[in-house]
Structure formats: C-alpha cells, structure tokens
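Visitor: With these hints in hand, go ahead and build the complete structure from the sequences.
Protein sequence lines, in the order shown, are assigned to chains A and B.
Under our numbering, the residues of the first sequence are numbered 58 to 551, in order.
Under our numbering, the residues of the second sequence are numbered 5 to 159, in order.
It should be emphasised that the hints constitute simulated quantities derived from the structure, not laboratory data.
Calculated cross-link-like contacts (lysine-lysine; reagent style DSS-like; alpha-carbon spacing at most 30 angstroms):
id, chain 1, residue 1, chain 2, residue 2
1, A, LYS505, A, LYS190
2, A, LYS434, A, LYS477
3, B, LYS86, A, LYS438
4, B, LYS31, A, LYS505
5, B, LYS86, A, LYS477
6, B, LYS145, A, LYS438
7, A, LYS438, A, LYS477
8, A, LYS332, A, LYS343
9, A, LYS434, A, LYS343
10, B, LYS145, A, LYS434
11, B, LYS86, A, LYS434
12, A, LYS333, A, LYS343
Here's a subset of chain B near chain A, in silico, CB distances under 8 angstroms, partners left out:
id, residue
13, GLY26
14, ILE59
15, ASP60
16, ASP102
17, GLN151
All figures in this text were calculated on a predicted structure; none of them were measured in a lab.
In this text, a Cβ means the ideal position worked out from N, Cα and C, and glycines have one as well.
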Amino acid sequence: MGFMVAFQPVNILSCFAGCFIGTLIGVLPGLGPVATMSFLLPLTYHSSPVTSIIMLAGIYYGAMYGGSTTSILVRIPGESASVVTCLDGHQMALQGRAGPALGIAAFGSFIGGTIATVGMVFFSLPLVEFAIKFGPPEYFSLMILGMMILTFLSSASIVRGLMMAAFGLVLATFGLDSISGVERFTFRINEMMDGFGAVPVSMGLYGISDVLENIETQIRKEMVIGKVKDILPNRQDWARSIGAIFRGTILGFFLGLLPGGGATVASFASYAIEKKVSKHPERFGKGAIEGVAAPETANNTASQASFIPLLTLGIPSNVVTAVLLGALIIHGITPGPLLLAQHPDLFWGVIASMYVGNGMLLALNLPLIGIWIQVLKIPAKYLMPMITLFCIVGAYSLNNSLVDVAIMLIFGLIGYVMNKLSLEGAPLILAFILGPMMETALRQSLLKSDGDFSIFITRPISAAFLAVSFILLVLPLITKVRRPGAVLDKVETG
Amino acid sequence: MRRSYIINDIVFILFSSFICIGSLRFKGGIGTVQEPGPGFMPFLAGMILGLLALIDLISQVRSGESSPKEGKGVWAGISWPKLIPAVFFLFLYTAVMDRLGFSLSTTLYLLAFFRLSGVESWRTNVLASIGTTAIFYVGFKIGLECQLPRGFLGF
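Guide: Listed below in structure tokens is the structure:
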C-alpha cells in the first residue's frame with residue numbers, strides 16, 4: 058500500500074519538491090528546515106495530508122543532505138546537524154578532496170536513510186502495540202522524558218536548559234484554556250485567543266534571529282575555489298568510512314527514536330564516538346574522512362527515525378517533528394497508536410516515500426553539485442533580506458494577520474538575545490509544542506487519581522520514564538560532586 | 005557574560021512572578037489537585053521557571069565571588085548601527101503593510117534593508133527591490149494563491 062501511495066504522480070512530485078527545497082535550504086546558511094517547513098506549512102492546506110507530509114518530510118531529510126555541502130565547501134554549516142561536518146569536511150576540501158568528502162556524505166546519508174526506513178517498517182508495529190497501553194500518566198511522563206533528554210544532550214548548562222523548557226511551558230499556556238475556556242494572558246487581543254502560534258514562534262526563534270545575527274556580524278566565506286572533482290570515494294575512502302557509516306546508522310536510528318533526540322544530537326554523538334573508537338584519533342579535525350561519514354550518516358538516519366515516535370505515539374521527538382505534528386493536526390489527523398488503523402495510506406505512504414526520497418537525494422546532491430556551488434555564491438547582503446521576506450509572508454499567510462508577523466518578530470528578538478546568551482532554543486520550542494498535550498495529560502491524570510500524584514510512579518511504564526528523567530537530572534550534579542570545578546567550568550564556558 | 009546572565013535571571017524571576025500572580029487571578033484560579041483549574045499549569049510552570057532562575061542566579065553570584073574577573077561582555081562588538089535599524093525596519097514594515105499594501109511596502113522595505121546589508125549602488129538596490137517584490141508577488145499571490153495586503157493601491 059505504501060508504495061502505491063508513494064508512486065502516485067502527485068506524491069512523487071511532492072517528494073521531489075520537498076527534497077529539492079530541503080537540499081537548497083540545507084545548502085543556504087541562515088534558513089533551516091524548521092523555518093522553511095513553518096512558512097511552507099500554509100501552502101500545504103490545498104493538498105491532501107499525505108502529499109503535504111511527504112513534501113514536508115522531504116524538506117527535513119533533504120536539508121540533512123544539503124547541509125553537508127556548505128559545511129565542506131565554505132566551513133559554514135547549512136543547519137545545526139552539519140556543524141560537526143565542518144571540522145573534517147572543510148579540511149578535506151582544503152586538501153583538494155572536496156569531491157570525496159561530498160561523495161561520502163551523500164552515500165553515507167543514503168545508506169543510513171535507507172536502513173532507517175527499513176527499521177521504521179519493523180519498529181513501528183511493535184511500538185504501536187506498546188503505545189496502546191499508554192494512558193494520560195504515561196504520555197505525561199514520556200513528554201517529561203523527551204524534554205529531559207533534549208535538555209541534557211543539547212544544553213551546556215542543565216539548569217539553563219530546563220529554564221528554557223519551563224519558559225516554553227509557560228508560553229504554551231497563553232490563550233484560551235482548552236478545558237474550561239477561560240482566557241489566559243490574552244491581553245484582550247482576539248488573535249491571542251489561540252495563543253502564540255507554533256509557526257510564528259519557531260520562524261522567529263530560528264529564522265529571524267539568525268538573520269539579525271548575520272546582519273550585525275560579517276560572515277566571511279572561505280570558499281574552496283576550483284572545480285570539485287572525483288566525487289566518487291576511492292577504495293581506501295570506503296575502507297575507512299564503512300565502519301563509521303554503520304556505527305552512525307545504529308546510533309542515529311536509536312537517537313532519532315528517542316524523544317528529545319534528533320539529527321543534531323546524533324551528529325555530535327556520532328563524531329565523538331568515532332573519534333573515541335579510532336586507532337588514530339589525532340587525525341580527526343585534520344581531514345579524516347570518518348569525521349564526515351559518521352555524522353552525516355547519523356544525522357540523516359536520525360531525521361528519518363524521528364518519524365517513528367511521531368507517527369506511532371503522536372509525540373514529536375524534536376523541533377522539526379513538532380512542526381510536522383502541527384501540520385498533521387491542521388489537516389485534521391491526530392497521530393498516535395490509532396493512526397495506522399485509521400490512516401494506513403498516510404502511515405505507509407510516508408515511509409515508502411522515504412525510500413523514493415533517499416534515491417532522489419543521492420541523484421540531486423552529486424550531479425547537481427555545480428548548481429549548489431553557484432547558490433552558495435549568492436552574497437549574504439541579498440540573501441538575508443529575502444529570507445526575512447519569506448518569513449514575513451509565511452507568517453502573514455497563516456491567518457492573514459499582522460499580529461502573527463509581530464509575534465514572529467518579537468520571538469526573533471527573543472531568539473537573538475538567547476543566541477547571545479548561549480541559551481538553547483530547542484528545549485523552549487519542544488516544551489512549547491508539547492505544553493498543551495502535557496497539561497491535558499496532567500489534568501486528566503489528576504482527575505483520574507483524585508489528586509494523587511503517586512499515579513505517575515505506581516504505573517510501571519510511567520515510573521520507568523520518570524526514573525530515567527530523574528537520572529538525567531541528577532547526573533550533572535553527580536558529576537559536580539566528582540569534579541568540584543565542573544560548576545565553575547560550566548558557568549564560565551556558558 | 006556573567007553580568008548578562010544575572011540580568012537574564014532577574015528578568016525571568018520577575019516574569020515568573022507575573023505569571024504566578026496572574027494565574028491566581030484567573031476565573032477558576034489554580035483549582036485543587038483533585039480538580040486542577042485553568043491557572044494550575046501556568047502557576048506550576050511559572051514556579052519552576054522562577055525557581056530555576058533563582059538557582060542560576062545564586063550560582064552566577066557565587067561564581068563571581070570566587071573569580072571576580074569578568075571577560076568580554078556579550079554585547080561588546082555588536083554592530084549597533086546595523087542591528088537597530090534592521091529591527092526598526094522589520095517592525096515598521098509590519099506596521100505599514102496593511103495601509104500601503106504588499107507591493108509598495110515590500111519595495112520600500114527592501115530598499116532600506118538591501119542598503120543596510122551592504123548593497124551600495126542605488127541603481128542595483130532599486131532594481132533588486134522591485135524585482136524581488138515582483139517575484140514574491142507573482143510567486144505567492146498568483147502562484148500559491150496567498151492572500152496579501154492590498155493597501156490603497158489595490159495590490
């Protein structure tokens with residue numbers, strides 16, 4: 058069924074459009090998949106839910122492919138999951154080996170993505186059966202776990218990471234209370250009855266704030282000059298990379314599966330592990346091809362695996378799938394254990410489209426490298442104003458309201474200040490998206506237990522989720538006890 | 005950097021206080037644990053935010069006592085002559101879009117923003133602004149059937 062859906066002409070076109078746009082925005086610094094998916098979201102209203110999600114999904118994993126191009130050639134990551142590729146990728150380019158670097162990134166992404174898609178087929182059904190046992194306490198605890206994992210892995214300071222998550226939860230309460238209908242912090246503005254929209258908030262935090270940073274900071278492009286040749290890696294490159302690719306696949310898959318995981322976390326973790334297991338760790342940072350293969354494989358694998366908790370549990374595991382959750386809800390589809398039974402065409406169609414998408418991306422990335430290089434040459438002084446225009450039009454088109462644009466700009470300023478203070482946006486946006494679901498689950502749980510909080514620890518699955526969350530919370534404190542200087546280190550380095 | 009964190013923590017403490025006090029004033033208030041009211045979640049989240057900000061504030065103050073030397077500030081080196089106009093143009097554009105319409109307001113906005121981001125030739129600036137506005141108008145209004153403000157010019 059999945060391939061029948063995926064091979065419908067409109068869906069193939071949608072997949073291609075998503076992969077192309079995703080690769081393009083992955084190549085361009087300053088505009089990531091979150092902002093792009095956010096402002097393209099209103100444009101999917103005219104399409105069917107399946108077609109819309111196929112396109113948006115294509116943008117996400119397409120950006121993972123594209124991000125490596127700018128990391129390798131210009132040493133500026135196209136998006137956050139390609140940051141670590143800059144370390145060895147650009148060094149390879151300076152050594153005249155940009156071709157093999159780009160090639161191994163594309164092939165690694167293809168292998169990882171294909172294996173992740175097979176994994177989705179085998180993992181989805183058992184997870185659906187497991188998720189049917191979930192009640193409000195389990196959902197609440199799982200969302201707590203997701204936020205804890207994301208905060209633990211992405212934030213230099215766990216306290217500040219949790220502050221951002223709490224801030225996101227507070228912002229999520231603005232608007233009408235879904236249970237009682239009471240106005241909460243609406244300031245008597247009609248557009249605030251629905252609270253802050255996820256799309257303007259994420260476009261502001263990720264799109265506008267990046268533009269403001271680029272405006273006041275001159276980004277120097279150290280572009281690799283000359284023709285990129287020998288895109289196919291040689292035998293020695295493959296011998297060095299194959300282990301890294303498979304380790305990156307396994308790590309990326311399981312990190313993508315976990316709530317709070319995702320492509321960025323997977324890429325960093327994969328690089329760190331590769332360096333640790335290498336017999337020659339001193340080569341890393343100086344053009345080691347494994348330093349490109351591992352993170353690029355991991356980020357693409359994680360990006361696709363992160364669809365599993367979204368589709369089977371209805372819980373986004375990272376910011377991007379949070380935007381996809383919003384897209385599904387807008388189309389009247391509630392993802393979760395019943396999605397497979399109620400919308401099998403969407404479920405299997407999206408998975409099958411990923412097979413197709415991975416093939417398209419391999420074809421797009423390598424032969425079209427010349428085009429991506431031209432795109433990279435567009436000066437930032439033209440690019441930045443156009444990116445703001447995309448964001449503004451995208452925010453306005455949601456509800457034909459300038460209030461949404463104003464909200465986006467305000468969050469753009471907030472995001473800019475957060476960047477300056479090294480405060481992570483990911484815990485904030487994930488908590489913001491999960492907030493309404495968490496509140497509903499919490500209140501339902503307390504109603505069910507007549508106000509008894511022990512419901513969260515007497516139910517085994519919920520207790521397990523909370524136990525892991527607690528371990529992640531105290532782990533930095535245990536580290537503090539062993540290394541008394543750790544607190545000071547963390548404060549000084551932010 | 006530490007000073008900026010301290011200010012940030014104080015702002016969050018004040019914000020969380022506002023949220024907690026506001027939550028108590030909602031119709032239905034915070035309710036009870038048996039029957040949580042509309043103010044329950046914002047109050048809880050606000051309390052957690054305030055508590056975490058306080059912990060970070062204490063940590064920052066204590067770290068300052070042991071190493072009083074503050075490094076280069078977060079806001080040092082920022083190009084304020086570029087940043088402030090950029091923010092101003094963004095908000096001004098939003099404010100006038102409805103009155104002037106998408107086409108006119110976007111052209112004026114791009115003229116200002118291109119100049120700010122470094123396009124020095126006015127001729128290039130004008131051509132780029134008009135061209136970009138036209139592409140966006142055709143792409144979004146006609147191609148994707150988005151509703152855009154019409155203003156007094158009607159487009």
